[in-house]
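Chemist: The chain contents come next:
Protein chains: 2
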Amino acid sequence: MNIEMIRAAAQRLEGHARRTPLLSSPFLDEIAGRRIFVKPECLQHTGSFKFRGAYNAVAALDRDTRTNGVIAFSSGNHAQGIALAARLHAVPAVIIMPADSPALKLANTADLGAEVITYDRATEDRDEIGERLAKDRGLTLIKPFDEPQVIAGQGTTGLEIAEQAAEMGIREANVIVCCGGGGLTSGIALALEADAPGLLVRTAEPEGFDDVARSLRSGKIERNDATSGNICDAIITPQPGNLTFPIMHRLCGPGLVVSETEALLAMAHAFQRLKLVAEPGGAVALAAALFRTDQIDGDDVIVTISGGNVDSAMFTRALESI
Amino acid sequence: MNIEMIRAAAQRLEGHARRTPLLSSPFLDEIAGRRIFVKPECLQHTGSFKFRGAYNAVAALDRDTRTNGVIAFSSGNHAQGIALAARLHAVPAVIIMPADSPALKLANTADLGAEVITYDRATEDRDEIGERLAKDRGLTLIKPFDEPQVIAGQGTTGLEIAEQAAEMGIREANVIVCCGGGGLTSGIALALEADAPGLLVRTAEPEGFDDVARSLRSGKIERNDATSGNICDAIITPQPGNLTFPIMHRLCGPGLVVSETEALLAMAHAFQRLKLVAEPGGAVALAAALFRTDQIDGDDVIVTISGGNVDSAMFTRALESI
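Residue numbers (my numbering), protein chains in the order written: chain A, 1 to 322; chain B, 323 to 644.
So here's chain A without its partners, still in its complex pose (with noise of 0.2 Å):
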């Protein structure tokens, strides 16, 4: 993993991922006690910046390989990265989900062009059906963060950081990034490195599933005891990636931990001072922003808000918790 990966994948997106804007509220700022600024990754494609890693992973295949097609496990927002990615790239996609994920995961998965195939959590290996369909088409399996090109594409949200905080004239923040297998944080932090050294990343995660923040502290990979029973689904995984974890090592600070009530309650702060849509697990770092101020150094922060699936239940919850 290098910088000029994460260049060469800016150059790939060009013209197909959004670059998204850089936003602000006053009313934000004066919850926090200093400038706040967001980088909205759920008005990217898909509604996450997992678009980014999947179009790149796709699109550094060689051409044979890619006509193939791709294949990937997930039932969220990977999923839908993949499936859009391969689309645009005229190619098939094969998505792996649970038979028990959400009807909208699965609809808006095979309505993005993949080819859902479903399997029973109790009874299936989805790894073995995974194999089997991969060797029997010649399916490139595309892993959701642990895998050079996926954090390359991720990448490209660190150098717009870069950019677009040096047109605001900030050189020195602390960049908080929603951390789930570390894909989105290590891209980021190697693009900062390289374009914009005085900003620190940091990771965000909810409480209980703070394998990142311990993995941080004790300097090797730890686990969480549990992998599910949060509402940040999104941004939780057993561990931090093999690949992810020394690059997070080496650039970042220390991890922020927050509650499920916080990232409800930034949800609904971004609904009203943002008009943006923010998913649980996508509210973490703005969640840090808000509510773990004393963590914090300097008078400016950036944070991701790094996807807004989330469906009407439990937005609604969000908006009842202010």
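What the hints contain is simulated information worked out from the structure, not anything from laboratory work. Source: prediction; values computed, not measured.
Reference listing, derived: stretches of chain A covered by chain B, where coverage requires no fewer than 3 residues with Cβ under 8 Å from a Cβ of chain B:
#1 16 to 29
#2 41 to 51
Derived Cβ-Cβ restraints for the label pairs, each shown as a range:
#3 A:G169 <-> B:T445: 46 to 54 Å
#4 B:G530 <-> A:A110: 35 to 43 Å
#5 B:S643 <-> A:A103: 16 to 24 Å
Beta carbons: idealized from backbone N, C-alpha and C, even for Gly.
Given the coordinates of chain A, assemble chain B onto it according to the supplied hints.
Modeler: This is chain B only, laid out in the frame that chain A set:
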């Protein structure tokens, strides 16, 4: 009013107003049967396009006049736009609002630094209050739409649409604009006449408050029977402006009209597919593009989402409508 005033406004707004992106979703395209591009002015400062006109009008005052401050009558988006524009120029702003305005709107306007003066709609004459204050303090009244520098500021939205459409290779399209008094519509129409003559501006209004559609049809200014009693309150005015109507009459195609139910549905689609918060009046153009497809020509349509200042209860109602 002319295009040079709009270009001058763009220079004044440079670095102050946001250049909002042009967004899209394959799911919306599918509903409409053509490509829909969305200009989300809900992401503008203060949550609506009104900031553009307000900032330009304040900036265009000569220094001595400006120093005395500005005054506006508004309970809504214009109030917030003027309040922030005045604050950014470090001049006083007085906003005259009905005493029974929603508490959040009163608070937001005051929090943006304006002096809010309330009046009793039943017993007091707001014009008399405003005139007295303006005279006593030397304040300049900035009207919400029938004011050349306000129209010029709103027209910068049109300059951006012209550029963004050209980048997407769009030479011909209907551009549907949420229309109240016609400030945004006439400004965009003038900008597109100069920079993108293949783009035809159309207005969108709520049923029962279609003064502009009727005025465009009859060729003279027509009034609404009522000026309240619709959820699209942000874009309800008694009649088109004396400055804005001749421009709209010369340049715009037939007006489009949608129901409250359709506006709510469009809000739900903007939530689900674009991750944007639209207010009911801000969603009527998207509603027209989605649900009045037989009245629209061509392969592409561009719509404004003119604002996102909606409370939780109304937004929840929209989410429940889908």
